[in-house]
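K.L.:
Single-letter residue listing:
Number of protein chains: 2
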Amino acid sequence: MRPELGGRGWKLAVTTGQTDVRPMKSRVCKDRGKGKTSPEVGRSLTEKNINQNIVLMQYAVRGPLVIRTGVIETELQQGAQKPFKRVIRANIGDAHAMGQTPITYIRQVIAMVAHPELIESSNLPKDAKDQARQILCGMSGHSAGAYTMSCGVELIRKNVAAYIEKRDGHKCDFNNVCLTTGATTGIKMVLELLCSSIDGKCPAVMVPIPQYPLYSATLVEYGLGQVGYFLDEDNNWGLDMQELERAHAEASKTQAVRAIVVINPGNPTGQVLTRKNIEDVIKFAYKHKMMLLADEVYQHNIYAEGCQFFSFKKVITEMGAPYCKEQELVSFMSISKGYMGECGLRGGWMEIINLDPAVQAHLYKALSAILCPTSLGQAAVDCVAKPPAEGSPSYEQWLAEKTCVLDSLAQRSKIIYETFKNMKGFKCNVVQGAMYAFPRIELSPKAIEAAKKANRPPDVFYAYKLLEETGICVVPGTGFGQKPNTHHFRTTILPQTELLAEMMDIFQKFHKKFTDEFA
Amino acid sequence: MRPELGGRGWKLAVTTGQTDVRPMKSRVCKDRGKGKTSPEVGRSLTEKNINQNIVLMQYAVRGPLVIRTGVIETELQQGAQKPFKRVIRANIGDAHAMGQTPITYIRQVIAMVAHPELIESSNLPKDAKDQARQILCGMSGHSAGAYTMSCGVELIRKNVAAYIEKRDGHKCDFNNVCLTTGATTGIKMVLELLCSSIDGKCPAVMVPIPQYPLYSATLVEYGLGQVGYFLDEDNNWGLDMQELERAHAEASKTQAVRAIVVINPGNPTGQVLTRKNIEDVIKFAYKHKMMLLADEVYQHNIYAEGCQFFSFKKVITEMGAPYCKEQELVSFMSISKGYMGECGLRGGWMEIINLDPAVQAHLYKALSAILCPTSLGQAAVDCVAKPPAEGSPSYEQWLAEKTCVLDSLAQRSKIIYETFKNMKGFKCNVVQGAMYAFPRIELSPKAIEAAKKANRPPDVFYAYKLLEETGICVVPGTGFGQKPNTHHFRTTILPQTELLAEMMDIFQKFHKKFTDEFA
Chain A
1 MRPELGGRGW KLAVTTGQTD VRPMKSRVCK DRGKGKTSPE VGRSLTEKNI
51 NQNIVLMQYA VRGPLVIRTG VIETELQQGA QKPFKRVIRA NIGDAHAMGQ
101 TPITYIRQVI AMVAHPELIE SSNLPKDAKD QARQILCGMS GHSAGAYTMS
151 CGVELIRKNV AAYIEKRDGH KCDFNNVCLT TGATTGIKMV LELLCSSIDG
201 KCPAVMVPIP QYPLYSATLV EYGLGQVGYF LDEDNNWGLD MQELERAHAE
251 ASKTQAVRAI VVINPGNPTG QVLTRKNIED VIKFAYKHKM MLLADEVYQH
301 NIYAEGCQFF SFKKVITEMG APYCKEQELV SFMSISKGYM GECGLRGGWM
351 EIINLDPAVQ AHLYKALSAI LCPTSLGQAA VDCVAKPPAE GSPSYEQWLA
401 EKTCVLDSLA QRSKIIYETF KNMKGFKCNV VQGAMYAFPR IELSPKAIEA
451 AKKANRPPDV FYAYKLLEET GICVVPGTGF GQKPNTHHFR TTILPQTELL
501 AEMMDIFQKF HKKFTDEFA
Chain B
1 MRPELGGRGW KLAVTTGQTD VRPMKSRVCK DRGKGKTSPE VGRSLTEKNI
51 NQNIVLMQYA VRGPLVIRTG VIETELQQGA QKPFKRVIRA NIGDAHAMGQ
101 TPITYIRQVI AMVAHPELIE SSNLPKDAKD QARQILCGMS GHSAGAYTMS
151 CGVELIRKNV AAYIEKRDGH KCDFNNVCLT TGATTGIKMV LELLCSSIDG
201 KCPAVMVPIP QYPLYSATLV EYGLGQVGYF LDEDNNWGLD MQELERAHAE
251 ASKTQAVRAI VVINPGNPTG QVLTRKNIED VIKFAYKHKM MLLADEVYQH
301 NIYAEGCQFF SFKKVITEMG APYCKEQELV SFMSISKGYM GECGLRGGWM
351 EIINLDPAVQ AHLYKALSAI LCPTSLGQAA VDCVAKPPAE GSPSYEQWLA
401 EKTCVLDSLA QRSKIIYETF KNMKGFKCNV VQGAMYAFPR IELSPKAIEA
451 AKKANRPPDV FYAYKLLEET GICVVPGTGF GQKPNTHHFR TTILPQTELL
501 AEMMDIFQKF HKKFTDEFA
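So the protein lines, in turn, are chains A and B. Quick note: the first sequence uses the UniProt record's numbering, first residue 1, plus one each step. Quick note: the second sequence uses the UniProt record's numbering, first residue 1, plus one each step.
Where hints are given, some of them may not hold.
Claimed, not checked - A few chain A residues that don't get close to chain B, going by computed Cβ distances all over 12 Å:
1) 62
2) 79
3) 84
4) 166
5) 199
6) 232
7) 277
8) 279
9) 355
10) 425
As the list claims (entries may be wrong) - Straight line, CA to CA, 27 Å or less: simulated DSSO-like cross-link-like pairs of lysine-lysine:
11) A:253 to A:289
12) A:283 to B:48
13) A:414 to A:276
14) B:289 to B:427
15) A:365 to B:483
16) A:283 to A:314
17) B:287 to A:48
18) B:129 to A:126
19) B:48 to A:201
20) A:289 to B:325
21) A:188 to A:365
22) A:427 to A:365
23) B:465 to A:365
24) A:201 to B:201
25) A:129 to B:48
26) A:253 to B:427
27) B:253 to A:48
28) B:188 to A:365
29) A:509 to A:283
30) A:48 to B:129
31) A:453 to A:158
32) A:483 to A:85
33) A:513 to A:414
34) B:201 to B:289
35) B:424 to B:509
36) A:453 to A:365
37) B:48 to A:287
38) A:424 to A:365
Derived by calculation from the structure, the hints in this document are not laboratory data. Just so it is clear, the structure is predicted and the values come from calculations on it, not from any experiment. Ideal placement from N, C-alpha and C gives every residue a C-beta, glycine not left out.
Between the sequences and the hints, there should be enough to build the whole structure, so can you do that?
P.N.:
This is the structure we're talking about:
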């Protein structure tokens, strides 16, 4: 599966030391440069002499299939005749793009922080005005136009710390809370810290398979090895400790495995980890002296009965010594998901636990070179950390809007699960949380043969056909990773209920036709 | 000057290939870990085994002296007795933090994009409402909460292209305009492309000395060599072609010099390049087959009579072939500077010219993994690219506010120049543009001796004394680079006129006292 590249970039020497599952790579190499012209007329930068990690990296959520979706959309607008009238983008966790309306309170506060005159001149609610005033007081020059501290406005960091304390029932030091431009910036910066070989072994990071492609993309970008551990599809995508040990032992022969990423609730898999599972992972990380990266951006998105979100911070604290005092943990949160779905505002935070103070200082210093997260994204973070209190003027509306979104997501998670579960050739786990289903599809030998002819992995072939014939855009399983010879795709649960019903209907018809065609 | 580090990180092998001026490094190593505890109790990450490029990197604009400033501010708030009552932050180009008020129109539009109800319910001006409506129409789901395309909202990219066409009098293809989270994201991503050795030589980038520390920090972070070319202080910080050739020839012996950075108007040096100077740099880059990075974020900030801003794009276009067709150029712009000073909103763009299409596609792909620039920052970009038209309801106020800021900045640039020029032991060039002065100070042998005892470079010693005795925070020249045995500091021209007069007064008294003390 590993492409032979000749090691042109010096970082590549590191990348090639991998023994892990990288299902995207073969595709990358096939697609490389396809349809592009690279005349070297006086040009100093060519595809061959730039950073080969950038050439290699892929981000499936916005990959070639999604780009094709944009083209189809434009063609439709220009009057092209297709077997469908509109595209349904089920490829990305982008709630507002799929018709979810913003939480009014958040937007009121942001509008006033952006244009403070509104605090006096408008009829916006008093609690929103108060919150906007407080946020402005925390900003230099009382303006959202000033840079904030690199870790964010202190007042907002304190409100986030209070949110975490309330969530977990344990202390949170605001000095360990760092606001970020979405969760992405924090994740990338923490991974960049790990770029150092140990005893001559190349550094590597454990990630779930399937995983969110930000991780695979960033590991390739930074020349870090990716050590995949398979989630247990037959056990609702749970973490199997034997599999973790296997992956670690195998990789450790040639690599220095420095950290483990856990995504809970899962993306693209939608599982919610049990407390026991989290404890086991913490013990595992401690035993092997690995840092723990807990991607907890879907902490508000819990749908299935009996499921509950436990933060790694809470569990580690309650496990006591040595874990609570020594195990390094960074937890990531975002305003892009949850009930707010504010992707475009780019707000998030990370909580840093048990990091060596000198290392933490270097992390903060590195963040300072990108100056600060966006001030208005921070204002939105403040509203998520400190929503209207019970009894305040905006509380009822805020609660109603929040509940409406979460109830509807829960309902849609069931619709998707029920539909896929009952489709012939489909296997789909319960969507316990997050915003996605990751069903498995049986593809016939004839379909696999056709995919081969089309020079595409079978799941990519399936997803392209789905797109071209129905306008539905999902992301093939290869973008996230999957066990060899299995085929999946990720769909979001985000189309609004009516559209989702339509999408499920179209999907069923397509799949039947596909099955018949390749029977 | 180069520290010996034993090459622990694999990237470091690259970093150590440098022959350039890196005045910050010696300080870095001295300060490393000072006052920090790194008990290795069960911790997997220590200062010694993390990415050594991150350990090495420094960003002086938010460095230790600035952190100390924050501590002093807190001490003052807590009632500590100091020889001064307030801190004056002249360390960072952060206009709003220093009392500049936002451009009303920008904030009105952002407020309505954030909270569209205001379009109907408020008395905000019609043109601002129209612009907010248009921006929302360009966003998925008509919401700022949706992710935008990775290169930004198409409508806004088109407005930026129109702005560039108007500025330069030449065509601009919006497909080559990419919106970013401030200029920083774009600069970092383009530099990351260059991380590939050529014929076994490590890649390196030419940067002016003095330079803006984002460049030095990023080059260290990415393990790229820094090739400093000295700006000509005696010629108002102009670019001397002989010096460029010298720096290139020397570095080329051991490194692959892949790009040159030019900052115009200059940061920290405040010069505005002549058209002839720009032409020469373009020829130089072409001759040596280097990419050109034009940092043009201060394009609105031109103060001195006879000075005019010429964009590299305009000059390259008018130079004709082969330059206009072959010379690779990326120009960076930001909403953080100019007359708007919207640092906190994090908006900017880059225009990409003559890049190999395959390379550009990889650049855009890499940007897609960080999803998109902030939507509200993009809305602000739209207002900068497409301000109210003459005759529209907001035009007069917008023009008055813009003119007021720029006139005041011009006035303040003169106050600073006149004061420093006439101070004994000071040499200061005219501040032709941007937001800074970078005066040179003569320090007596006794002062240099005292600095040595305090284990600080002389200019750092001076800046710390200034801070501790007066509360004025400037950035020492070592943070930007300077010729050996010369001493400078950078001050912004951003304190409002009254405060600036006070600051200049305090500064003069301090310098006299300092000079007397170390006579």
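K.L.:
Take the hints in turn and mark each one as holding or not.
P.N.:
Tested hints:
1. Consistency note on residue 62 of chain A: stated as away from chain B, yet its beta-carbon is not over 12 Å from all of that chain's, at 4 Å minimum.
2. Residue-level check passed: residue 79 of chain A sits 19 Å from the nearest beta carbon of chain B, beyond 12 Å.
3. No Cβ of chain B approaches the Cβ of residue 84 of chain A within 12 Å, the least distance being about 19 Å, so the stated non-interface status holds.
4. Listed as a non-interface residue, residue 166 of chain A keeps its Cβ farther than 12 Å from every Cβ of chain B; the least gap is roughly 25 Å.
5. The beta carbon of residue 199 of chain A is not kept farther than 12 Å from every beta carbon of chain B, the shortest such distance being approximately 10 Å.
6. No Cβ of chain B approaches the Cβ of residue 232 of chain A within 12 Å, the least distance being about 26 Å, so the stated non-interface status holds.
7. Residue-level check passed: residue 277 of chain A sits 21 Å from the nearest beta carbon of chain B, beyond 12 Å.
8. With a least CB separation of 17 Å from chain B, residue 279 of chain A remains clear of the 12 Å interface cut-off, as annotated.
9. Distance to chain B contradicts residue 355 of chain A as a non-interface residue, since its nearest Cβ pair spans about 7 Å, not more than 12 Å.
10. The Cβ of residue 425 of chain A sits about 32 Å from the closest Cβ of chain B, beyond the 12 Å cut-off, so the non-interface label holds.
11. Our distance criterion of 27 Å between C-alpha atoms is met by residue 253 of chain A and residue 289 of chain A, whose separation comes to about 16 Å.
12. Taking the CA atoms of residue 283 of chain A and residue 48 of chain B, the gap is near 25 Å; set against the 27 Å cutoff, the hint holds.
13. Taking the CA atoms of residue 414 of chain A and residue 276 of chain A, the gap is near 25 Å; set against the 27 Å cutoff, the hint holds.
14. A C-alpha spacing of about 37 Å is found between residue 289 of chain B and residue 427 of chain B, which places the hinted pair above 27 Å, so the restraint is violated.
15. Only pairs whose Cα atoms come within 27 Å are accepted, and residue 365 of chain A paired with residue 483 of chain B is accepted, the gap being roughly 26 Å.
16. Simply put, residue 283 of chain A and residue 314 of chain A have alpha-carbon atoms about 14 Å apart, close enough for the 27 Å limit, and the pair holds.
17. Restraint check: the Cα-Cα separation between residue 287 of chain B and residue 48 of chain A comes to about 21 Å, which is no more than 27 Å; the hinted pair holds.
18. Restraint check for residue 129 of chain B and residue 126 of chain A: satisfied, since their Cα atoms lie roughly 24 Å apart, inside the 27 Å limit.
19. Between residue 48 of chain B and residue 201 of chain A the alpha-carbon distance is near 15 Å, which keeps this suggested pair within the 27 Å criterion.
20. A threshold of 27 Å between alpha carbons decides the hint, and for residue 289 of chain A with residue 325 of chain B the separation of about 54 Å lies outside it, so the pair is violated.
21. Our distance criterion of 27 Å between C-alpha atoms is met by residue 188 of chain A and residue 365 of chain A, whose separation comes to about 14 Å.
22. In summary, the hint linking residue 427 of chain A to residue 365 of chain A is not supported, as the alpha carbons are separated by about 47 Å, beyond the 27 Å threshold.
23. Our distance criterion of 27 Å between C-alpha atoms is met by residue 465 of chain B and residue 365 of chain A, whose separation comes to about 23 Å.
24. A hinted pair counts as satisfied when its Cα atoms are at most 27 Å apart, and residue 201 of chain A with residue 201 of chain B qualifies at roughly 24 Å.
25. Between residue 129 of chain A and residue 48 of chain B the CA atoms are separated by roughly 48 Å; this puts the pair beyond 27 Å, and the hint is violated.
26. Using a Cα cut-off of 27 Å, the hinted pair residue 253 of chain A and residue 427 of chain B is violated, with the two alpha carbons roughly 61 Å apart.
27. At most 27 Å may separate the alpha-carbon atoms for a hinted pair to count; residue 253 of chain B and residue 48 of chain A meet this at roughly 22 Å.
28. At most 27 Å may separate the alpha-carbon atoms for a hinted pair to count; residue 188 of chain B and residue 365 of chain A meet this at roughly 16 Å.
29. At most 27 Å may separate the alpha-carbon atoms for a hinted pair to count; residue 509 of chain A and residue 283 of chain A exceed this at roughly 47 Å.
30. Note on residue 48 of chain A and residue 129 of chain B: the hinted pairing is violated, with a Cα-Cα distance of about 48 Å set against a maximum of 27 Å.
31. Restraint check for residue 453 of chain A and residue 158 of chain A: the C-alpha separation of about 57 Å exceeds 27 Å, so the hint is violated.
32. In summary, the hint linking residue 483 of chain A to residue 85 of chain A is not supported, as the alpha carbons are separated by about 35 Å, beyond the 27 Å threshold.
33. For the suggested pair residue 513 of chain A and residue 414 of chain A, the alpha carbons sit about 24 Å apart, so the restraint of at most 27 Å is met.
34. Taking the CA atoms of residue 201 of chain B and residue 289 of chain B, the gap is near 15 Å; set against the 27 Å cutoff, the hint holds.
35. As the CA atoms of residue 424 of chain B and residue 509 of chain B are separated by approximately 11 Å, the hinted pair is consistent with the 27 Å bound.
36. At roughly 51 Å between alpha-carbon atoms, residue 453 of chain A and residue 365 of chain A are farther apart than 27 Å, so this suggested pair is violated.
37. Between residue 48 of chain B and residue 287 of chain A, the direct Cα distance comes to roughly 21 Å. Compliance with the 27 Å bound is thereby established for this hinted pair.
38. Proposed proximity of residue 424 of chain A and residue 365 of chain A is contradicted: the alpha carbons are some 54 Å apart, above 27 Å.
When each numbered hint is compared with the structure, violations occur for hints 1, 5, 9, 14, 20, 22, 25, 26, 29, 30, 31, 32, 36, 38.
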